[in-house]
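Fit chain B to the given chain X structure using the hints.
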Amino acid sequence: MQVASMHFKERAHVKLHDALLQSNLKKMQGKFVAKRRASLIELDDVEGTRDAAKEIRDRALENLDVWLELFERNATARGATVLFAETPADINALVLEIAARHRVRKIIKSKSMVSEESSLDHAIEAAGLQVVETDLGEYILQLNDYEPPSHIIGPALHKSKEEVADIFARRHGTPRRTEINELCLEARQMLRQHYLTADMGISGGNFFVAESGSVVLVTNEGNATLTTTLPKVHVAISGLEKIVPTLEDVATLMRLLPRSATGQSISNYVDILTGPKGEGEFHGAEHMYFIIVDSGRTAVLASEVREALRCIRCGACMNHCPVYQNIGGHSYGWVYPGPIGSILTPMYVGLEKAADLPSASTLCNQCGVVCPVRIPLPDLQRKLREKTFEQHLRPWSERAGLRVWAWFAQRPVLYAVASKVGVRVLRWWGGKGGLIHSLPFGGGWTDERDMPAPTGRTFRELYRGHAQSPAPSERPRRAA
Amino acid sequence: MRVGFFVTCLVDLMRPSIGFAAIRLLEAGGAEVFVPPTQTCCGQPAYNSGDRADAKALAAKLVGEFEECDWLVTPSGSCGGMIRTHYSDLFRDDPAMLRRAEALSTRTRELADFLVNELHLERVPGRYECTVTYHDSCAGLREMGIKTQPRALLAKVAGLTLTEMADCETCCGFGGTFAVKFGEISARLADNKCQHIVNSGADAVVLGDLGCMLNIEGRLRRRGDHKTRVLHVAEILAGDAA
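For the record, the sequence lines run as chains X and B.
For the first sequence, the working numbering gives the first residue as 1, with consecutive numbering after it.
For the second sequence, the working numbering gives the first residue as 1001, with consecutive numbering after it.
If we strip away everything but chain X, and leave its shape as in the complex, we get:
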C-alpha cells in the first residue's frame, strides 16, 4: 500500500471534521470494549492465560529460525511448497509465478493484511488476472475502488450500512437494499459464483504451526474455508513472526485471540490446513503454497521494539485507543493503524516516512493494558520517539524548546529566576479572567482550548518565605 503516514496530521484533521465518519466511529465505540470485557470473564485465569500467551510468542521469536525450518520441513513433508518473500515485491512476484505455473486466470482472496503491504491485488490486476476479495469488509472496499482498510480485523468498520447500500447498488446494479441481512445475502450471492470459478485462493495466516506444518485461519464468515478448499491452488501468505511451535500453543492463543478481537469465545470458523488434498481425500486444494514474508520483520526482531512481533493481530489496542477512536484508521496512512501500527509502520516503511506516528499517542497505556500478549506499546512508542529525536526527525522548534527548557531545569537558580518572570508574564497575559486565549508558539494548545493562567507566583517562591519561619512541624496551617 502507498505510504501516506507522513501526512498523519493533515489526514487526522480531515477525519476529525468528517461528520459521517465521526458518526460511524461513535456507533462502533464501546462495542468492542464491552464485548471483549464480557468474554474475557469466561476464562478462569485471564492474567495467567495472558502470561502463557506472551511466553509462547516469546519462545517462538527467541528461536524463530529453528521453528521456521521445522515448519518448512513439516509442511514440505505434507506436500506443500514453502516460499520466502524478503520484500513486498517478492510477495507479488511469487504469487504471479505460482499463478503462471498453474495457468490461473481468476483468484479469490480471503483477508490478508500482509498482502495489503505489497498491494497484491493491484499487482494481480496489472498482470491481467482477475482478483476478488471475499471477506465482506474487503469486498466492500474492493468494490469502492480499492479504498484502503481502516482496521485490521474489520477493514470496512468506518463504513455505515447506508454507505454499503450505495456501493452495492452502484456496483452490482441491484435495487438499493439497506437491511444488513439483505446486504449480506446479496454479497453472498455475488461471491458464490466466484468461489466456483476461481483457479486460486489466497488466504492470510493467523498462525503457522511448526510441529505440523499447518496454517491456522481464524474467521467468521466462512469465506476463508471456501477460498482455501474450492480452487485447485491455495496460497497462504503471512509474516514470518506468525510461527507458533505447537498446536497446543495455538489452543492457548485461541483462548485470547477471538475474545480480544471481537469478544467471541471462539470465532465462527477455525481452519487448520495441512498440506494439499491427499490421495483419496475429497476436500482441499490440489496444490498448497506458503509464502512466508520478512519485509522488515527480521529487522524488528533485531531491534529494541522486537516485542511488537508478539502481536497476534486482534486489534484490541486500536479498539481501546482514544486517539484511534476519534480519528479512525485511515489517518495513520498505512496497513496497520492504531498503537501497534505506530510501531510497525515506521519499522516496515521507514521512520522518516512515519515520524509522527510514535508521537501520535498520549501514552495513556490503555493499549498496553488490553494487549493479550502484553506488548508494552507505550514503551515501544517511546523507544521510537528516541530514534526520531536522535535522527532529527521532529521539527527543530520542538527540539529547541525541549533543550532550552531542560537546560534551565537542570540549573535551579536560573530556573527559579526564569520561572518567576514566566509566571508573571503569563498571569498578565491571562488578564482578569485568568484565561489565556492564544499563545505565541502555543497554537497547538490554544487553537481550541484556553490555557488557565498561572496565579503569578511560583510555589517555590511562596514556600521560601513560608519555610524561613518556624520548622515545618510547627508551621501555622495556612492556605497559600
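What the hints contain is simulated information worked out from the structure, not anything from laboratory work.
Here the structure is a predicted model, which means the values were calculated and not measured.
All residues carry an ideal CB built from backbone N, CA and C; glycine is no exception.
Among the hints, erroneous ones may be present.
Coverage of chain X stretches by chain B, computed from C-beta distances (three or more under 8 Å per stretch; other residues unrestricted) [to be verified]: (1) 312–326; (2) 360–370; (3) 453–461.
Below, a sample of chain X positions facing chain B; criterion: calculated Cβ distance under 7 Å [what the hints assert, rightly or not]: (4) R385; (5) S419; (6) G444.
Frame of chain X, contents of chain B only:
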C-alpha cells in the same frame, strides 16, 4: 517519618495552592514534610519526547535531592509514575545510579495513595457542599494504581456527593507535549471528556494531575462553560475549594 514533597513543575508554576494543600494534608497525617529547594522537574517531558540524555540528567538530579527522605510523595500520578516505573529504564546501563533510582522508586507514592495507605488519614478538614465527579488520570490509574484512594478520601469530605461520569478512565487527551504537537486531536479528546463531565451533572470535576486539569479546564472554558470547576483532590480535601 520524613516525607520529601515533590511539588512537580506544573504545580510550582501554575497552581502553587495545590502544593500547600498537599503539605497541610501530609502534616495532618503526621508526616514531617521536607521540600528540597532545588527541585524542578522529574524529566518526563524530555523522556516522552525521546530526549533521553536530558531526561537522565533531570532524573539523576531528582534522585540526589530526595534519596535521603523516607518517602517521596507527589500530587501527581504522572510524575509519580515517571519516577516509580520509568527511572529504572533510564538508568538501565548505569548500575550505580540504577540502584539509587530503584531505592527511591520503591518509596515513591502519589499523594492520595499515601494519605490512605501509609498515613491512614481518618478525617479530612475539607467541606464541600457540591456534587463532584472524578477523572482517573492515565498514569495514576495504570502506572500507580490510583482508583479507590481518592474516592475513599472524597467520601470523607463533609457535604460532598460523588457521581461517576461515563468513561472516567478514558484519557482526557493531554499526554504532555502531545497536547501541543497534536493539538487538534488532543482538544477533541478533551472535548469528549468535557461532555461526559457535563452529562454527569457534577458541579466540579476532581482529579489528581495538573496536566489533565489544565487540559480539561482549558477546553471547558473554551466551550463557554465557566461554571464547572476543575479541582485537584488535595484542594478539596484540605478545604481550599469551599
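Results of checking the hints against the structure:
no. : hint    : result
1   : 312–326 : holds (count 3)
2   : 360–370 : holds (count 9)
3   : 453–461 : holds (count 6)
4   : R385    : holds (4 Å)
5   : S419    : holds (6 Å)
6   : G444    : holds (3 Å)
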